[in-house]
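S.K.: Here are the chains, one letter per residue:
2 protein chains.
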Amino acid sequence: MLILKVKILDIDLENFILINKEDLKSSQYFPGDRVIVKYRDKESVGVIYSSKSLVNRGEVGINIEMAKELKIKDGEIVYITHAERPKSITHIKKKMDGNKLKKEEIYDIVDEMVEGKLGNIEITAFVTSIYINSMDMDEIEALTIRMAETGEKIDWDSLVVDVHSIGGVPGNKYALITVPIVASLGLKIPKTSSRAITSAAGTADIVEVLTKVDLSPEEIKKVVKETNGCLVWGGAINLAPADDITITVERPLNIDPKPLLLSSVMAKKLAMGIKKLVIDIPVGNEVKVKNLKEGSSLARDFISLGERLKIYTECALTYGNQPIGRAIGPALEAREALEALEGKKVPDSLIEKSTGLAGILLEIGGVAPFGEGKELAENILKTGKAHKKFMEIIVAQGGKEISSEEIEVGKYFADITAPFDGYVTKISNRGITKIAKEAGAPNDKKAGVYLNVKVGNKVEKGDVLYTIYSNSQERLKNALKVARLLYPVRIENVLLKRISRF
Amino acid sequence: MLILKVKILDIDLENFILINKEDLKSSQYFPGDRVIVKYRDKESVGVIYSSKSLVNRGEVGINIEMAKELKIKDGEIVYITHAERPKSITHIKKKMDGNKLKKEEIYDIVDEMVEGKLGNIEITAFVTSIYINSMDMDEIEALTIRMAETGEKIDWDSLVVDVHSIGGVPGNKYALITVPIVASLGLKIPKTSSRAITSAAGTADIVEVLTKVDLSPEEIKKVVKETNGCLVWGGAINLAPADDITITVERPLNIDPKPLLLSSVMAKKLAMGIKKLVIDIPVGNEVKVKNLKEGSSLARDFISLGERLKIYTECALTYGNQPIGRAIGPALEAREALEALEGKKVPDSLIEKSTGLAGILLEIGGVAPFGEGKELAENILKTGKAHKKFMEIIVAQGGKEISSEEIEVGKYFADITAPFDGYVTKISNRGITKIAKEAGAPNDKKAGVYLNVKVGNKVEKGDVLYTIYSNSQERLKNALKVARLLYPVRIENVLLKRISRF
Numbered sequence: 496m497l498i499l500k501v502k503i504l505d506i507d508l509e510n511f512i513l514i515n516k517e518d519l520k521s522s523q524y525f526p527g528d529r530v531i532v533k534y535r536d537k538e539s540v541g542v543i544y545s546s547k548s549l550v551n552r553g554e555v556g557i558n559i560e561m562a563k564e565l566k567i568k569d570g571e572i573v574y575i576t577h578a579e580r581p582k583s584i585t586h587i588k589k590k591m592d593g594n595k596l597k598k599e600e601i602y603d604i605v606d607e608m609v610e611g612k613l614g615n616i617e618i619t620a621f622v623t624s625i626y627i628n629s630m631d632m633d634e635i636e637a638l639t640i641r642m643a644e645t646g647e648k649i650d651w652d653s654l655v656v657d658v659h660s661i662g663g664v665p666g667n668k669y670a671l672i673t674v675p676i677v678a679s680l681g682l683k684i685p686k687t688s689s690r691a692i693t694s695a696a697g698t699a700d701i702v703e704v705l706t707k708v709d710l711s712p713e714e715i716k717k718v719v720k721e722t723n724g725c726l727v728w729g730g731a732i733n734l735a736p737a738d739d740i741t742i743t744v745e746r747p748l749n750i751d752p753k754p755l756l757l758s759s760v761m762a763k764k765l766a767m768g769i770k771k772l773v774i775d776i777p778v779g780n781e782v783k784v785k786n787l788k789e790g791s792s793l794a795r796d797f798i799s800l801g802e803r804l805k806i807y808t809e810c811a812l813t814y815g816n817q818p819i820g821r822a823i824g825p826a827l828e829a830r831e832a833l834e835a836l837e838g839k840k841v842p843d844s845l846i847e848k849s850t851g852l853a854g855i856l857l858e859i860g861g862v863a864p865f866g867e868g869k870e871l872a873e874n875i876l877k878t879g880k881a882h883k884k885f886m887e888i889i890v891a892q893g894g895k896e897i898s899s900e901e902i903e904v905g906k907y908f909a910d911i912t913a914p915f916d917g918y919v920t921k922i923s924n925r926g927i928t929k930i931a932k933e934a935g936a937p938n939d940k941k942a943g944v945y946l947n948v949k950v951g952n953k954v955e956k957g958d959v960l961y962t963i964y965s966n967s968q969e970r971l972k973n974a975l976k977v978a979r980l981l982y983p984v985r986i987e988n989v990l991l992k993r994i995s996r997f
Numbered sequence: 496m497l498i499l500k501v502k503i504l505d506i507d508l509e510n511f512i513l514i515n516k517e518d519l520k521s522s523q524y525f526p527g528d529r530v531i532v533k534y535r536d537k538e539s540v541g542v543i544y545s546s547k548s549l550v551n552r553g554e555v556g557i558n559i560e561m562a563k564e565l566k567i568k569d570g571e572i573v574y575i576t577h578a579e580r581p582k583s584i585t586h587i588k589k590k591m592d593g594n595k596l597k598k599e600e601i602y603d604i605v606d607e608m609v610e611g612k613l614g615n616i617e618i619t620a621f622v623t624s625i626y627i628n629s630m631d632m633d634e635i636e637a638l639t640i641r642m643a644e645t646g647e648k649i650d651w652d653s654l655v656v657d658v659h660s661i662g663g664v665p666g667n668k669y670a671l672i673t674v675p676i677v678a679s680l681g682l683k684i685p686k687t688s689s690r691a692i693t694s695a696a697g698t699a700d701i702v703e704v705l706t707k708v709d710l711s712p713e714e715i716k717k718v719v720k721e722t723n724g725c726l727v728w729g730g731a732i733n734l735a736p737a738d739d740i741t742i743t744v745e746r747p748l749n750i751d752p753k754p755l756l757l758s759s760v761m762a763k764k765l766a767m768g769i770k771k772l773v774i775d776i777p778v779g780n781e782v783k784v785k786n787l788k789e790g791s792s793l794a795r796d797f798i799s800l801g802e803r804l805k806i807y808t809e810c811a812l813t814y815g816n817q818p819i820g821r822a823i824g825p826a827l828e829a830r831e832a833l834e835a836l837e838g839k840k841v842p843d844s845l846i847e848k849s850t851g852l853a854g855i856l857l858e859i860g861g862v863a864p865f866g867e868g869k870e871l872a873e874n875i876l877k878t879g880k881a882h883k884k885f886m887e888i889i890v891a892q893g894g895k896e897i898s899s900e901e902i903e904v905g906k907y908f909a910d911i912t913a914p915f916d917g918y919v920t921k922i923s924n925r926g927i928t929k930i931a932k933e934a935g936a937p938n939d940k941k942a943g944v945y946l947n948v949k950v951g952n953k954v955e956k957g958d959v960l961y962t963i964y965s966n967s968q969e970r971l972k973n974a975l976k977v978a979r980l981l982y983p984v985r986i987e988n989v990l991l992k993r994i995s996r997f
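Each protein sequence line maps, in turn, to chains U and S.
In my numbering, each number is its position in the first sequence, counted from 1, plus 495.
In my numbering, each number is its position in the second sequence, counted from 1, plus 495.
If we strip away everything but chain U, and leave its shape as in the complex, we get (with noise of 0.2 Å):
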C-alpha cells in the first residue's frame, strides 16, 4: 500500500494517478497498474503514471474530477492499493471465444465500464468481439437495462412519448419541428439529443444556437411541466454513461455493432422514462442502412427490443440519399428550421419528414385517430401554433424569442457554381458534411453549407450549386480545397453522346 499526499493537478487525463518515479521504484507498482484511491469512505479507480518533477516523492497527482468524487484538498493523505483484477475480464474472453453472456455477465461489464475499472483495451476487445460474434436479444435486452440503471434515471407522472432518428443524414433539422408540434398537442415529449459525433451538426448544437441545452434534470422536469416539451443535451445529465464509453472506442473504428446501436438508443429511452416512441431510420446509400431490406431488419430489432423494456416502438423508414433541407451546420440548420415553423418556403422533404414523424407520434400517442396524425401535424404548422410552442420552450430552456431573420451565419462565404448546363443527379451526404466540418462546424455555429439545388434541378452553367460559410477566413479556404476535391453535387448532362451524320 501507498500512503500519498494528494496534489490536485489540472490535466483532462481520466484517472490519472500521477506518483514520483523514486517512489514507485522502491515499491511493488508500476507504471500502467490499475489502483484504488482511498480517502475516508471514498474511493475512486485509477492508472498510475510516474514523473520525476510534476510530483515530488510523497505526493500523488490527480486530476479535479477525482478530487470532487473523493472530496478531497490539495494535502490530504489517500492510500493507494492495487485494484482486483477486473471480473468482466473473463466474460468478456467468453465473447471472444463466441459464447452468449449471461445477464449477470453483462451487468458486471457494465457495472464495471461505468466504475472506471476497465481502460479502452478491455472495452475495446468487447466492442470488437461483439461486432464479430454480435449477441442475441436477452444479451441486448440485459445490456440495455443495465446502460439505464447505471445513470440519471428520470421519472415522470403521465405518458412520455419520444422520436430518434439513429443519423447519418446531414441536415436532419426535424426535431425542431416534430417536438413543438406534438407538445402543443398536449403530449409530453422531453427530447434528449446528443451534439454531432460525427455529423456536422447533432439536434443540440443547433438548438444551443438558439437557447441553453445543458439542463439538469430538475430543469428538464420544469421546462416539460410547463410547455409539455424540450429539447436538450442528453449528455449533460449522465444518461447511460457506459453507452458514451463504448461510443469513445467505435468511433476512432468506425464501427456501430447493431447490439450497440440498438443498446445505446433504447437505454437512453429507457432511463429518460420514455413510453412510446418512434425511431426514425433514413436509408440510403451514404448512411447506416443502405436499402429497405436492411431498414425492414433493424425496425423490427427495434420494435422486439422496445417490448422487451417495455416502450412501445414504431420505425419510420426515412429517404437518406440527399441532405434534408438546404442548410448544413448548427446557425444555419437553425435558421431553416425556424423558417419552416414561420410558415416560410422551405424544402417539401424536411416539412414531409417533420410532420410526417410528429403525425406517428399524435396517432400513437392516442391524439389523432390512425391516419390521421400527419395531416393534424401539418395543420399545427401550418396555423403557427407549433411556432408558438417552440418559442415557449425555447424562452422556458432559458433562451429569448427570436426570428429566423435575427440568427447570424459565417461572415466569410464561397459560392460554388455549376460548371456546365444540366441536371442534379446526386448530392453526397458524406461530402457536404466533409466540407461543412472543413468550414468550422459544428465548433463554430455560424459555420456549414447551404444547398442552392437539390437532387432533380436543373442548372445551367454559373447557377450558384451551394454556398460554404465560415467564421474563419483560412477555414473558408480549406473547405474550398476540400469542395474542389469531393465535387459532393453532381452534373449530368442530359444528352449523353452525341453522334454526327458521318
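Hints are supplied without guarantee of correctness; some may be wrong.
Copies of the same chain look alike in the list, so a pair counts if it works inside one copy or between any two.
With a cut-off of at most 25 Å between alpha-carbon atoms, the simulated DSS-like pairs for lysine-lysine come out as follows [what the hints assert, rightly or not]:
| id | residue 1 | residue 2 |
| --- | --- | --- |
| 1 | K753 | K953 |
| 2 | K707 | K500 |
| 3 | K537 | K566 |
| 4 | K533 | K972 |
| 5 | K568 | K547 |
Honestly, the hints are just simulated from the structure, not real lab data.
Model the placement of chain S on the given structure of chain U, informed by the hints.
M.R.: This is chain S only, laid out in the frame that chain U set:
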C-alpha cells in the same frame, strides 16, 4: 494549424500533447485528437490532452521522449496539424470482418503501429480480431517479416544459433546452462531474452543478478566475438518493437493468439539474424500448451514459419507440470544455475532440460552427430568447461566472476511445512509464481521461493516444503498469506480410507 512554444514535461505518458484549454477552445483541435508535431525536418505523432494550468496559453507540453525524438529544447516553436486517419483502420476492419489480409495491408498496420499512429483502441481491435478470426501462414509470415524490419537488425558473418522457450513454467533458468555449453563448443549463440512479463523472473532478470544485460548491438557483437555467446535483454535493442506494442494489449486481456505468439518469437529471432533455432514448448496443466497434441500442432507451425523465414527450426516439447529445478526468483535462480555449472547437486530435471536443449543445438549446428548432442553437452557441463565459458560471458558483459555461495538472497524468509505425512502430488506453477511475486520478485531480485520438495517426494508432518524469501518483512507477510490461501504444494496421504473391523 497551431503554432506553439514547447514546454518539456517529465511524465511517462506516451505521445502526450498538452495544450491550454483556452487555446483549444478557439481552435479546430480537441482533446483525444491525434496530431502531428513538426519541428524543423522532424515530426512526431501525439494525442491532445488539455489543461488550464500545467501549460500557459501559447505553450504545448510534450514529454522528454518526444523532445529527444524531435531534438528540441524548451521554448522552441513547433507546428501542430491533424494527423491523417490511419490507413490501417480499413485493414483492421477487414480482419474484423473475417477476411484474409494482403501483405501490403499487414505492412501498413505494423508500420503505423511503430510510428505511433495507432492507439490502444486500434491495436486492441486488431489483436482481438486476430484472436477471433486468426491468420493463415501467409499473413503470419508477412507480420513476422515486417515486425523484424521495423526495428533494429543485427547481421553476422557466420552461422548463429539460438534457443527460445515460449515460457509459462516457473524456475526455467535453463538458458544460463545451455548457452555456455553451446558457446564453449564454438557455436555462436547471441541469446536475447525478456524480463518477466507475468512470471516471477525472466531470463534477463536472472542474468542481471550476475552481470549487465542492457547491451547495445555493438556491445553484443563484441561479447559474442570474444566468447561465442551472450545472455542479454532484448528490450534494450529495439528488436521488433511492434511485438512489444501488441503485448501491452494482450497482457491485460490475458490472451496470446497463436499468430502473435508465432510472430513475436520469430520476428525477434529474424531481427537478431538467427539461422538455426530450437524452440522449447513446455506442456502441462498450468502453462500455455496443455497437451502433446496442442504442442505438436504449435511445433509444426513454428517449423513451417521458420522455413518461410529461412530459419531452420526444431521444437522440443518439455515437461511443464511443475517448476524446473527448485529455485524461483531472480537471485535464487541465478544461484541454482551457478550450482549446476559448478557441478553441485541440483535437480535432475534442470540438468536434463538444459543439456537436452543444448544437445539439439549442437546437432543442428553441426558440432555433434545426430543422437550424440546431449551426451556431449553433459560432458561439457561435467568437465567444468561450461562453467568457465559462463564466467567469460558474464565478465565480457561487464560483470565479475562470482560463485554460487556469494549470491545473496532475501534476508527475511519463512518456511512452509507439511501439515501431515504423505506424498507430494502436485506443485502448482501458478501458485508458486504468485507467492514469489507477492514476496517481491522480479523487482526485488532477492525475493522468491525455494522448493525443498518436488512431485513424488515423500514427506513427514513438519518437513519444510518450501521457503519464501523477501527483502521486505511486510511483503514476506503478504506472501505467507497468499501461500496459505493457495496451498500450491499439495500433499496426499497414501492411506485413503481406513476401514475398521466392525
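S.K.: Taking the hints in turn, state whether each one holds.
M.R.: Checked hints:
1. Within a single copy, K753 and K953 get their C-alpha atoms no closer than 39 Å, and across copies no closer than 60 Å, so neither meets the 25 Å cut-off.
2. Neither within a single protomer nor between protomers do K707 and K500 lie at most 25 Å apart by alpha-carbon distance, with minima of 40 Å and 36 Å respectively.
3. In the homo-oligomer, the alpha carbons of K537 and K566 lie at most 25 Å apart inside one protomer (8 Å), although the nearest pairing across protomers, at 44 Å, exceeds that limit.
4. Only between protomers do K533 and K972 lie at most 25 Å apart by alpha-carbon distance; the minimum there is 22 Å, versus 52 Å within a single protomer.
5. Proximity of K568 to K547 under the C-alpha cut-off of 25 Å is found in both arrangements, the shortest distances being 22 Å within a copy and 18 Å between copies.
Violated hints for the displayed structure, listed by number in ascending order: 1, 2.
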